[in-house]
Amino acid sequence: MPPESTRRLYRALSGRWTGWGRGEDVGAGRCNEWSPRPTWLRWSLSPHLRRRRMMSRIDDLLRTLVAEGGSDLHLSSGVPSMMRRAGDLEELPGAEGAPGADWLRDAIAEVMPEREGREFGERFSLDFAYAIPDLARFRVNAFLHHGGVGAAFRVIPNRVPEFAELGLPAAVKDFARLSRGLVLVTGPKGAGKSTTLAALLQEMARSRALHILTLEDPVEFVVPAGRSIVQQRQVGHSVGSIASGIREALREDPDVLMISDLRGAEIFESALEAAEAGVLVLGALPTASARKTITRVVAAFPREERVRILGMMADSLRGVVGQILMNRADGEGRVLGLELMVVNDPISQLIREERIHQIPALIQTGRKAGSRLLDQHIMDLLMAGVIRAEEAHRWARQKEVFSAYLESTSTASPG
Numbered sequence: 013m014p015p016e017s018t019r020r021l022y023r024a025l026s027g028r029w030t031g032w033g034r035g036e037d038v039g040a041g042r043c044n045e046w047s048p049r050p051t052w053l054r055w056s057l058s059p060h061l062r063r064r065r066m067m068s069r070i071d072d073l074l075r076t077l078v079a080e081g082g083s084d085l086h087l088s089s090g091v092p093s094m095m096r097r098a099g100d101l102e103e104l105p106g107a108e109g110a111p112g113a114d115w116l117r118d119a120i121a122e123v124m125p126e127r128e129g130r131e132f133g134e135r136f137s138l139d140f141a142y143a144i145p146d147l148a149r150f151r152v153n154a155f156l157h158h159g160g161v162g163a164a165f166r167v168i169p170n171r172v173p174e175f176a177e178l179g180l181p182a183a184v185k186d187f188a189r190l191s192r193g194l195v196l197v198t199g200p201k202g203a204g205k206s207t208t209l210a211a212l213l214q215e216m217a218r219s220r221a222l223h224i225l226t227l228e229d230p231v232e233f234v235v236p237a238g239r240s241i242v243q244q245r246q247v248g249h250s251v252g253s254i255a256s257g258i259r260e261a262l263r264e265d266p267d268v269l270m271i272s273d274l275r276g277a278e279i280f281e282s283a284l285e286a287a288e289a290g291v292l293v294l295g296a297l298p299t300a301s302a303r304k305t306i307t308r309v310v311a312a313f314p315r316e317e318r319v320r321i322l323g324m325m326a327d328s329l330r331g332v333v334g335q336i337l338m339n340r341a342d343g344e345g346r347v348l349g350l351e352l353m354v355v356n357d358p359i360s361q362l363i364r365e366e367r368i369h370q371i372p373a374l375i376q377t378g379r380k381a382g383s384r385l386l387d388q389h390i391m392d393l394l395m396a397g398v399i400r401a402e403e404a405h406r407w408a409r410q411k412e413v414f415s416a417y418l419e420s421t422s423t424a425s426p427g
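Counting in this note's numbering, the sequence shown runs from 13 upward without gaps.
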């Protein structure tokens, strides 16, 4: 049994019916102190007015976040409301001090769907989506901490951006024309992996007649159907897990399968099997480069399985899109930094023979096909004046090259 403090918080978040006895029959079920119900039913004030006030306050904070160009809102009891803008954390303008524990507890309960509220009492940390129809969707992570409750809101635009808006080259758009294989989108948290995947799905849906399935936790962008059938499934709602979702999807005649998180040997092997079966599989991983992506995936498998997995990857992998977001020199937001590996026969052979360390050299010489190393793109952006030298050095893989550039420019500067 959890401690009393945890049970009290759970009852607040799940909103039990007060005034009914423990174990009293309610319809076909039974009501007790762990039965999750809407929080506003406990309040003496008009339920609809109280709920509207609470959600209005959360909505106001989120509207400020979007208006200020922020990407994330961080709420934690006893701490000022903070936003992340251009990668930096700062106090949210107009926020009236630190939210109290009671207010924030009830506010999170109001934006959390009932099903998630029930799970939150068991898991103590939960992801879900929240939408303000005329503004944006938000990916929400609600959690418990020593001081009470907290939540992080990530902005997801209502409209899927176009490739040109994202700064993605034509070689990435070409992946939308594939009929089978595996395409990976990689990068750290907040690098725009979900956005790139959504842009690829949107291009496929409107340019071709396809059956597109997605497995997401939670569903972020809502992809327009276009000429296709698009079915987006959320883990915990319409599918039990990503692993089981892949197995179920293969029985439903998909052309395209998008998996929001490919971490784990079982999930990745299932994705490879789907690609071998003739499905185009798109997926995300939090890895830093094409070389490290392959190395990390292979390392997740037992040694005796690695030759087989390398062979499957050599046959199925079509491309790796590695992303970072860098601060612009003009201060107007961030710009995409890209590493792109378009897999050809020589790269497939290196993967099969586990000569992964030689892959960057082939990427460097494959610019005609669209491939590029991250450092090549960073240098292009630097020379074009899009980013500053310090930002280039911060993100560069071979920092000595950019250190030399910094020294040369500082020597050439007057004074």
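These are computed hints drawn from the structure, not numbers from a lab.
Ideal Cβ positions, reconstructed from N, Cα and C, are used throughout, including at glycine.
Errors might be hidden in some of the hints.
Within a straight-line C-alpha distance of at most 27 Å, the following computed BS3-like cross-link-like pairs (lysine-lysine) qualify [unchecked claim]:
1. Lys304 with Lys380
2. Lys185 with Lys304
3. Lys411 with Lys304
4. Lys185 with Lys380
5. Lys411 with Lys201
6. Lys185 with Lys201
7. Lys380 with Lys411
8. Lys304 with Lys201
Now the in silico label distances, taken between C-beta atoms and shown as ranges [said to hold, decoys possible]:
9. Pro92 with Glu419: 19 to 29 Å
10. Pro125 with Arg275: 16 to 26 Å
11. Glu278 with Glu366: 38 to 48 Å
Here is what the structure says about each hint:
1. Lys304 with Lys380: With Cα atoms ~23 Å apart, Lys304 and Lys380 stay inside 27 Å; holds.
2. Lys185 with Lys304: 23 Å, holds
3. Lys411 with Lys304: OK: Lys411 and Lys304 at ~17 Å, within 27 Å.
4. Lys185 with Lys380: 15 Å, holds
5. Lys411 with Lys201: This hinted pair holds, its Cα atoms lying about 22 Å apart.
6. Lys185 with Lys201: Within the cut-off at roughly 22 Å; holds.
7. Lys380 with Lys411: Roughly 25 Å separates the two Cα atoms, so the pair holds.
8. Lys304 with Lys201: Holds: Lys304 and Lys201 sit about 16 Å apart, inside 27 Å.
9. Pro92 with Glu419: 19 to 29 Å: 40 Å, violated
10. Pro125 with Arg275: 16 to 26 Å: 25 Å, holds
11. Glu278 with Glu366: 38 to 48 Å: 21 Å, violated
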